[in-house]
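Listed below are the residues making up each chain.
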Amino acid sequence: MNAPETMKQFRPKGFRHVGTRPVRPDGVDKVTGKALYSPDFKAPGMLWGAILRSPHPHARIISIDTKKAEALVGVKAVATGRDLPTLESLVMHVGEGASDIVDVSHNCLALDKVLYEGHAVVAVAATSPEIAREALGLITVEYEELPFVLGVEEALAEGAPVLHDNVFTKGVEPKPEKPSNAAMRVEMGGGDVEGALASAAATVTERYTLEPVHQGYIEPHACVASWNGDGQAQIWTSSQGHFAVRSLTASVLAMPQSDIRVTPLEIGGGFGGKTTIYLEPVAMVLSRKSGRPVRLAMTREEVFRATGPAPGAVIDVRIGADAEGTLVAAEVEFLYHSGAYTANDAGAGVSSAIGHYRIANTRVVGTEVLCNRPAAKAYRAPGAPQVNFAVESAIDELAGKLGIDPLELRLKNAAAEGDPQTSGLPWGRIGWVECLEAARAHPHWSAPLGPNQGRGIAGGYWGNYGGPSTVNVSVAEDGTITVATGSPDIGGSRASMAIMAAEVLDVPYEQVRSVVADTASIGVSMVTGGSRTTFATGMATVQAAEDVKSILCQRAARMWGVSDDQVEWRSGAVVCLEGEKQGQSMTAAAIAGRSFHSGGPIAAVAALSAKGWLPGFGVHICDTEVDPETGHVKIVRYTAIQDVGTAIHPDYVEGQMQGGAAQGIGWALNEAYIYGKNGKLDNAGFLDYRMPVASDLPMIDTVMVEVPNPAHPYGVKGVGEVPIVPPLAAVANAIHGAIGQRLRDLPMVPDRVYAALHPEG
Amino acid sequence: MPSTAFHAPDTVEDAVALLSADPTARPLGGGTDLIVQMRSGRLSPGAVVDLKRIEGMSGVRRDDEGFVIGAATPCTALKADAALVAAWPGVVEAANLIGSVQVRNRATMAGNLCNASPAADSVPALVAAGAVCVVAGPSGLREVPVEAVPVAPGKTSLASGEFVAEIRLPAKPAGGGDAYLRSTPRTEMDIAVVGAGVSLVLDGEGTCTSARIALGAVGPTVVLVEEAGAALVGTKLDDDALAAMSKAVQAASNPIDDKRGTVSYRKAMAGVLARRAVLIAASRAGAKA
Amino acid sequence: MSKIHVSTTVNGDATEYLCEPTSSLLDVLRDTMGLTGSKEGCGSGDCGACTVVLDGEMVCSCLVLAAEAEGRTVATIEGVAEGSVLHPVQQKFLEHAALQCGFCTPGFIVAAKALLDRNPNPTETEVRYWLAGNLCRCTGYDKIVRAVLDAAAELRQERTPA
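Protein chains in written order, with numbering that gives the first Met the number 0: chain A, 0 to 760; chain B, 0 to 288; chain C, 0 to 161.
Source of the hints: derived by calculation from the structure; they are not laboratory data.
Incorrect hints may appear among the rest.
[Claimed, not checked] 25 Å max Cα-Cα, derived DSS-like pairs, lysine-lysine:
1) A:Lys548 <-> A:Lys580
2) A:Lys411 <-> A:Lys400
3) A:Lys288 <-> A:Lys41
4) A:Lys548 <-> A:Lys112
5) B:Lys266 <-> B:Lys246
6) B:Lys154 <-> B:Lys235
7) B:Lys78 <-> B:Lys154
8) B:Lys235 <-> B:Lys246
9) B:Lys154 <-> B:Lys51
10) C:Lys2 <-> B:Lys51
11) A:Lys66 <-> A:Lys112
12) A:Lys67 <-> A:Lys400
13) A:Lys676 <-> B:Lys266
14) B:Lys78 <-> B:Lys51
15) A:Lys633 <-> B:Lys235
16) C:Lys2 <-> A:Lys41
17) B:Lys258 <-> A:Lys676
18) A:Lys33 <-> A:Lys67
19) A:Lys633 <-> B:Lys258
20) B:Lys258 <-> A:Lys679
21) A:Lys41 <-> A:Lys112
[Stated by the list, open to error] Derived CB-CB ranges, DEER-like:
22) B:Ala242 <-> A:Asp744: 54 to 60 Å
23) A:Pro84 <-> C:Glu125: 54 to 60 Å
24) C:Gly55 <-> B:Ala158: 55 to 61 Å
25) B:Ile255 <-> A:Pro419: 50 to 56 Å
26) A:Gly136 <-> B:Ala81: 28 to 34 Å
27) C:Thr8 <-> A:Ala70: 38 to 44 Å
28) A:Leu110 <-> B:Ala158: 47 to 53 Å
29) B:Leu42 <-> A:Ala70: 23 to 29 Å
We put the CB at the ideal spot given by N, CA and C, even for glycine.
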């Protein structure tokens, strides 16, 4: 049955399970090595695939000769872009953001042009990985090299090589006459920015830049596909959404979605990067050609060269305040690296720039710029950290000019419920002011600093999401409960679903088991992304559990021979309120044990599109210590404060905050895509793509501020995205505090900090 | 695809014979560079010759002249030899900055040397300490100063069939101290942007009687900067001497701009790290003088 | 290519396998023996997800040739628990929610156990540096470090006669 779209409103009460920290149901498998991730799966008779990738950043494919590879003993299938069907342009809203299915197809296997170094060109399947790799060496691809462009400003310059002759800037009216690398332009705001800036007591006008960074999940992409001659197929893969894998793969292959069954394997991190497909249609084609299941798996190097980084950016900020510190105007213009195909971060970037402040006059313009890099993909709070780094750095600079404490300046201008967002729509029940107040009250904010140390603060937000989820709650014959969702569990969502179902049914947590079901076994569910799962799938879980509770009550009433309103659910059992059986109770076990004779199995499906999600806000405080002779930055103390709505499983909420902060610190200090002059990625590995290691970080203290979401039965707000937003500026502001110099270009590697300290060279 | 053979000989002679038989054959110590290069396709040796089954190839032993470190001795094993740690703490620390604990449980100083990266951590410390390699080859054993082994990035002076069998460190000189420091963006799991190894001797008055300073990642090979050492000899390591030493270090630095650092930063850091390393080495020399 | 025959001991069991001369120990553990608990995150020794203990020392199994394991002993994540009884490090990882996606977890547990086997009372700094070869992208390491310190405390208590 379909649940109503408006759910029961939040009802504060003494929770029995919500807010507790039980062990996750999938935990033992994961600490003993039994859990099956994408690269762990094998199918009987499976072949091993490998992909030949472009060595050029931009080139036309003149010819591909695969004859020698096909002749190699053990090679069972070879595929190129010509093996994928020709598709009409269609923008699909699956995963995180929209993608044109033609772009998805061409990114899986290039057709006429390669658009970045690492672009997939030919795939082979063979009886061993060694043979598959050997076969790649026997393939000849003739390229006509084309001029390439990597930088966003260079890509927009007159005479720059244009990647696509069919891209005319979206969001510009009238439609431009010429195609260009400006894929999309988004603008919001209102009022008189110029007039207000002219009369401001203090203004900051600065440019900030960031390089693309990778999501950095430790599990490389992998899948196994088996496509039979009758058209039916199975795919085993880890992803943030197996329904997205199904719909994208079916669309790329122009086949019915119900012919593909996608079984979700455990996912080794995604952070937005596994909301799309790279390998699945290719493995499918190889399987169809060979008649055998085919595994494709990326190496780490392939992950870096060919999967979506988050966009880098060039961001111009102008912001002004009156003498009392009231912000009067802000203008933010940014260019985001879109990579090889039109990406989706500009819109989110525009909404995430300055909406957290009450500013009467604003103008925010974002442009997605195509360039010869891998296609940008969602990365935790997509679009927000870049622009937030610029704005929250500029706010600090403005506080300095005004001589106002940076926290007080933020608090003075902080938007609250009812204030307009940049779009003009009013904010709902947000907890931004509460977070700033919690920061001010936190001992970290007033702790003394040592020599060469500095403290920075920054705040940020992300919109979060709701959307479609399906959940099936069923009662076994012994009364125990299974919650089946269509939402991959990336970081403990099985535990949160079990907690919420146990809360509804008032039964022990261990009586509820939660699983992730395949695409044939549960209804459509959107990706685990956008901080939507605990909110939306949680809402569906609560709804289905409520329905199961109703069914159990009806069955008990029937067995007692009373009407439905003469029974009630109390303490995990049905109690008879009236008649001969008054005071008797019947547990789920007693009811379910006789269910075959009292109306059949007991189960309920909630399939809903969750509404009423609220954005998340966070404030981070960072202390750095800078070695003045070497420019090395040490993070000596870090506190993350966030409005989490209600923490269903606080351990995993804290974990999101700590993990997001660590990623943000990495982005601030060391992570970056580094390209050579030849347009090739120079650091496609974990050695030179420097993500933080354990010894780089201190403990990350967390403060969960709970401002419940009135639209969710347990008050949930999404928590996963926000914590990567504030760290970039928090670290930059802390470095400024330590050395008195402002770094406006990320990453703030030691040589850049050193250069700021020693401008003489 | 040419296949690779795997051999695990028991004797130096067998290893030399196997390496001589195929000029593309490579000796395998810890494998932390070799296996990565094979997997990435940068290297396709016709044979891999594992040295670890050869007696005496693993472990540290003393002889009359000092310490003998078998070529297949993993870096972490150096820390377990108390006498070596007491005599050459800088060398042991340098070797134990490479990679992670997992890597150092396999990686060897001989491999670090023969990989011939200018950024190899253990090499500046070994050069500063005056270490010598015993090279085994078709014509028997020969001794080579460590700094003569790498000749260019990825290239060594070893002839076909030769491999480094031992690294020899002298006994600790009276009043001697050594140190190695490097600059990396991360605290661990990183490649030196600049490295500086120092070994010096102080007399009873605190006057420096000899000093060797070697730098990593500021040129195509690790460089021994004789002028920098000379700037310290005869001084009490006062500020002027340290400044002269830093200047000599910077003058000898001829780094490149790459993904790991800029020319100007590398030159600046060479001076800073060398000075800091001198002070640590001096404190060690003083403490044990 | 002729395969090499190797006799070795894995998690206490005598084992034989045939391998390519260039196969890594990790390849053989995962693909030949079906021990997929050791993960390949990078194949270059930079992430530690494939950490195993070889003759008593923890190593990246992606940087060991399978042929080198002849006559050696290998301990993997699959051998850390005793039957169904979890090792304290495993138990503390669960109690502290020290994993999110769990992909790096086997490597961390093998490495953490190797630390506590030789140093029953590590400082936070010692834990952080020991585990620096293991990348985790989900947790920010906070809960991992706490879990290891707590497991150390529990092991010390277990080892102290009452």
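Quick rundown of the hints versus the structure:
1. A:Lys548 <-> A:Lys580: Cα-Cα ~20 Å, so holds.
2. A:Lys411 <-> A:Lys400: holds, 16 Å
3. A:Lys288 <-> A:Lys41: holds, 19 Å
4. A:Lys548 <-> A:Lys112: violated, 57 Å
5. B:Lys266 <-> B:Lys246: holds, 10 Å
6. B:Lys154 <-> B:Lys235: With Cα atoms ~39 Å apart, Lys154 of chain B and Lys235 of chain B exceed 25 Å; violated.
7. B:Lys78 <-> B:Lys154: Since the Cα atoms of Lys78 of chain B and Lys154 of chain B sit roughly 29 Å apart, the hinted pair is violated (cutoff 25 Å).
8. B:Lys235 <-> B:Lys246: Distance ~17 Å between Lys235 of chain B and Lys246 of chain B Cα, so the pair holds.
9. B:Lys154 <-> B:Lys51: holds, 23 Å
10. C:Lys2 <-> B:Lys51: It holds: about 21 Å lies between the C-alpha atoms, which stays within 25 Å.
11. A:Lys66 <-> A:Lys112: Judged against 25 Å, a Cα distance of about 21 Å means the pair holds.
12. A:Lys67 <-> A:Lys400: Given pair Lys67 of chain A, Lys400 of chain A is violated - Cα atoms ~68 Å apart, limit 25 Å.
13. A:Lys676 <-> B:Lys266: holds, 23 Å
14. B:Lys78 <-> B:Lys51: Between Lys78 of chain B and Lys51 of chain B the Cα gap is close to 19 Å, so the pair holds against 25 Å.
15. A:Lys633 <-> B:Lys235: The hint is violated at about 33 Å.
16. C:Lys2 <-> A:Lys41: With Cα atoms ~22 Å apart, Lys2 of chain C and Lys41 of chain A stay inside 25 Å; holds.
17. B:Lys258 <-> A:Lys676: holds, 12 Å
18. A:Lys33 <-> A:Lys67: violated, 40 Å
19. A:Lys633 <-> B:Lys258: Holds: Lys633 of chain A and Lys258 of chain B sit about 21 Å apart, inside 25 Å.
20. B:Lys258 <-> A:Lys679: Roughly 12 Å between the alpha carbons, so the hint for Lys258 of chain B and Lys679 of chain A holds.
21. A:Lys41 <-> A:Lys112: violated, 33 Å
22. B:Ala242 <-> A:Asp744: 54 to 60 Å: Given range 54 to 60 Å: violated, Cβ gap about 32 Å.
23. A:Pro84 <-> C:Glu125: 54 to 60 Å: Between Pro84 of chain A and Glu125 of chain C, where Cβ atoms are some 57 Å apart, the hint holds.
24. C:Gly55 <-> B:Ala158: 55 to 61 Å: violated, 36 Å
25. B:Ile255 <-> A:Pro419: 50 to 56 Å: holds, 53 Å
26. A:Gly136 <-> B:Ala81: 28 to 34 Å: Violated, at about 51 Å.
27. C:Thr8 <-> A:Ala70: 38 to 44 Å: Holds, at about 42 Å.
28. A:Leu110 <-> B:Ala158: 47 to 53 Å: holds, 51 Å
29. B:Leu42 <-> A:Ala70: 23 to 29 Å: holds, 27 Å
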